[in-house]
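Participant: Here the protein sequences come in this chain order: A and B.
The first sequence runs 18 to 466 under our numbering.
The second sequence runs 18 to 466 under our numbering.
Because the hints were derived from the structure by calculation, they are not lab data.
Built from N, CA and C at the ideal position, the CB exists for glycine as well.
One or more hints might be untrue.
Derived coverage of chain B by chain A (criterion: at least 3 residues anywhere in the stretch with Cβ under 8 angstroms from a Cβ of chain A; other residues may be distant) [what the hints assert, rightly or not]: (1) 72-83; (2) 259-267; (3) 311-321; (4) 405-413; (5) 444-455.
Which residues of chain B face chain A? A few of them, derived with a C-beta cut under 7 angstroms, are [to be verified]: (6) Met18; (7) Ser19; (8) Leu144; (9) Ile342; (10) Leu343; (11) Asp440.
Each chain, letter by letter, is given below.
2 protein chains.
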Amino acid sequence: MSERLVVIGGDAAGMSAASQARRRRDADDLVIDVFEMTQRVSYSACGEPYYVSGDVPRIEQLIARTPAQFAQQDISVHLGHEVTEIDIDDRTVTVRSDGESRSVPFDQLVYATGARPIRPPMEGIDLDGVFHVKTLDDAEAIRSAAESAKTAVIVGGGYIGLEMAEAFHVRGITTHLVTSGAVVMNRSLDEDLGAKITAGMRERGIEVYPGHRVKCLADKEGHVRGVEVGEAVLEADLVVLALGTRPVSELAAEAGIRIGPTGAVHVNNRQQTSVEGIWAAGDCAEALHRLTGRPANVHLGTVANKQGRVAGINIGGEYATFPGILGTAITKVLDIEIARTGLTQQEAEEADIDAVTATTESTTMAGYWPASADMTLKVTAERGTGRLLGAQIVGGGTAGKRIDTLATGIWNNMDGLTFSMMDLSYAPPFSGTWDPVLVAARRAYEKAV
Amino acid sequence: MSERLVVIGGDAAGMSAASQARRRRDADDLVIDVFEMTQRVSYSACGEPYYVSGDVPRIEQLIARTPAQFAQQDISVHLGHEVTEIDIDDRTVTVRSDGESRSVPFDQLVYATGARPIRPPMEGIDLDGVFHVKTLDDAEAIRSAAESAKTAVIVGGGYIGLEMAEAFHVRGITTHLVTSGAVVMNRSLDEDLGAKITAGMRERGIEVYPGHRVKCLADKEGHVRGVEVGEAVLEADLVVLALGTRPVSELAAEAGIRIGPTGAVHVNNRQQTSVEGIWAAGDCAEALHRLTGRPANVHLGTVANKQGRVAGINIGGEYATFPGILGTAITKVLDIEIARTGLTQQEAEEADIDAVTATTESTTMAGYWPASADMTLKVTAERGTGRLLGAQIVGGGTAGKRIDTLATGIWNNMDGLTFSMMDLSYAPPFSGTWDPVLVAARRAYEKAV
């Protein structure tokens, strides 16, 4: 008799799990049903700012695979179906669609509900013209609003905030960004780098208002018309709230599945939850941080894809493990590339690791190469040993992806001196003779040891 | 009493050694004399093609530091001074300048003579208008000739050949490249990738003539007027020979310093030669290949800088080692980026390593990102274990520098599966969700295990 796999949530983690399980077990052996609340599955949320900007013209470009494509693989995708309850004793989920609920049995369950935007207690948050960025529907609504907007305010100075600021700016909209932090990106980078990005955004015409919480103001028809920032009022036809996201773990918690200290679902390295046969993956699940040894919860497509893959391979009858994260991330705002991996100085301190951080000013290519741009690297190393713990990059074109080389060194527990002598590539259109990552790692080592 | 350090050759390796020794020992303790045959020291040979193209307008931009700057550091640079003999018993070198020779004593000696272009037995090689690419004088002579040239022929399909072809092409010169190989880059990459580059060059207007050896033809004044390629004659106002380089090791060999199997000077990992107090570094010295365990001899600024640094630190009284090479290199021809590290399939076979190679077709950025370009990755892994052995990349903008991430994985003896689960960065303007290096490493692993 065949087993039944139910997947709750049809984006990166859920669909990766379904696909990997299917590759290893055919439809006679495993029936797969995916329940997705929205009307779309398997899309690139990370691409949404670039749909809003117009860099990506059509919303379909952000969809990796359609329900019809999954159907060919014998994966049944049920759109507009919300799972409202998990019964771990009966091994059933309750699914609601078109106002009706039914019970669906499962043998294996993948919990991949993702994350939802934080909605702070902010006055005016429900006005017309105030948006969150999460689903493709959100992206379509924002682009539609942007087509007639002249002024926009972004609330939030993290990844999504910066990406949306770029999107509006390139559309020619007067764009203001308000953040409660002293600088943008203050949860991801050390403050000096955040200050550099803040200054760079201002130079490029995006005004930044740090250290502010906001209140949205309405015109008389209930549409947003501006944002109150301290004493000032910023005019806004359009407001985007980008204040971070939270794992959707309530459904799991109510079912008695263990929730970890981050508020996300606890999993082991095979993506098993505390309940046999129930797996979790993606934004709603925890991930081991390789440097702190503690559970973390990051909301990134990279992690969701990998965790979903691991769950699916295991459900498929093979053995796979998720090796944990370093907290690697990258973005850009206009021509400023921003990347990080591992721990910042502050994060190391919070994890009780004695660390030092060295800053290296360099250039993306040979100094004399015409397209060469400034780049700042911060590298964090363990005091005493010089072991690499983290890196942060802010710079011009090609700066950002260098974070992967540093991430690979950190992954392998390299110390900064050993790292600095590696045989990396060089030609004038690509770097100086000593690639800046080598120099930056050596400086961190010298400071640490 | 102070010691005397003599450095033979004032480019990357020699000047790095001198600088690092000086940082650790002051002029009362160590007198440093550098003897350089040419009229310049410390320049970027790798930048010469970009001076010829005009990307780098002034030759001075390629000079990292001048003799005057070294003098401030109490390093005496003697230009136009050729060392003609080393006496390892008397501990002296014979130095010739302005037709006169004198004997100079040393306690420590750094042999950093570099490499010289191969001059094959080719008819017409000494004609006017036929150039090699080595010194800044060469670069100046070529650019001067290029200013009036309408047609150019490059002989040689390696790094310098491609870079010079780009340089002439961007100057608007009709450019032909002739190589004895079946495709360009056939000593650095597998043939399928060489074929891809060859096709790409042709599409971009640089004609390539593979499988040919050439003969330069003269006009009646002894200036080159063309190149005979099989039955055809290619018109050429200007011919550049880029047939590789050989280590300048004769002087060492004559002195009784051990030469290794590559023809370069044998060194240990502190850059010591077989003679106490005599060090060698750079193009003229061997380097341990970390994967084959055999001595290699590569002519790259990266290795020269690192080896010179190691020699200088050791002469300075500290302890440093050169950890060996992977054979990492990068270049580009127009918008085609080319990079490699470790072993190709053929190199693995030559080293008696049982290897497999998987090819992955991908894109530099998210598939839907407008600037995304095609990229081909080949990854070589050890059969049975899946240990990463090598990688080759050909692709559009931002493809090439990904080689550093793979090189770091290979350096750390990662297998392709472990590599594929690393936490690397992703955002649509930078890569797909799974960076192509992760996918390529996994494919190689799956093929190997």
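Participant: Hint by hint, note whether the structure agrees.
Facilitator: Hint-by-hint comparison with the structure:
1. For the region 72-83 of chain B, the proposed coverage by chain A is satisfied: 4 residues have a C-beta within less than 8 angstroms of a C-beta in that chain, meeting the threshold of three.
2. With a threshold of 8 angstroms between beta carbons, the proposed coverage of the region 259-267 of chain B by chain A is violated, since 0 of its residues qualify and at least three are required.
3. Here's how the region 311-321 of chain B fares: 4 of its residues keep a CB closer than 8 angstroms to some CB of chain A, so the rule of at least three is met and the hint holds.
4. Judged by the Cβ-Cβ criterion of 8 angstroms, the region 405-413 of chain B is not covered by chain A as claimed, because only 0 of its residues qualify and three are needed.
5. Here the region 444-455 of chain B counts 9 residues with a CB under 8 angstroms from a CB of chain A, which clears the bar of 3, and the coverage holds.
6. Taking 7 angstroms as the C-beta contact cut-off toward chain A, the hint placing Met18 (chain B) at the interface is violated, the least distance being around 32 angstroms.
7. A distance limit of 7 angstroms between C-beta atoms decides the matter here; for Ser19 (chain B) the minimum to chain A is near 27 angstroms, and the interface restraint is violated.
8. Nearest Cβ of chain A to the Cβ of Leu144 (chain B): about 30 angstroms, over the 7 angstroms cut. The hint is violated.
9. A cut of 7 angstroms between beta carbons decides the hint on Ile342 (chain B): the least distance to chain A is about 5 angstroms, and the hint holds.
10. About 4 angstroms separates the beta-carbon of Leu343 (chain B) from the nearest beta-carbon of chain A, less than 7 angstroms, and the hint is met.
11. A distance limit of 7 angstroms between C-beta atoms decides the matter here; for Asp440 (chain B) the minimum to chain A is near 4 angstroms, and the interface restraint holds.
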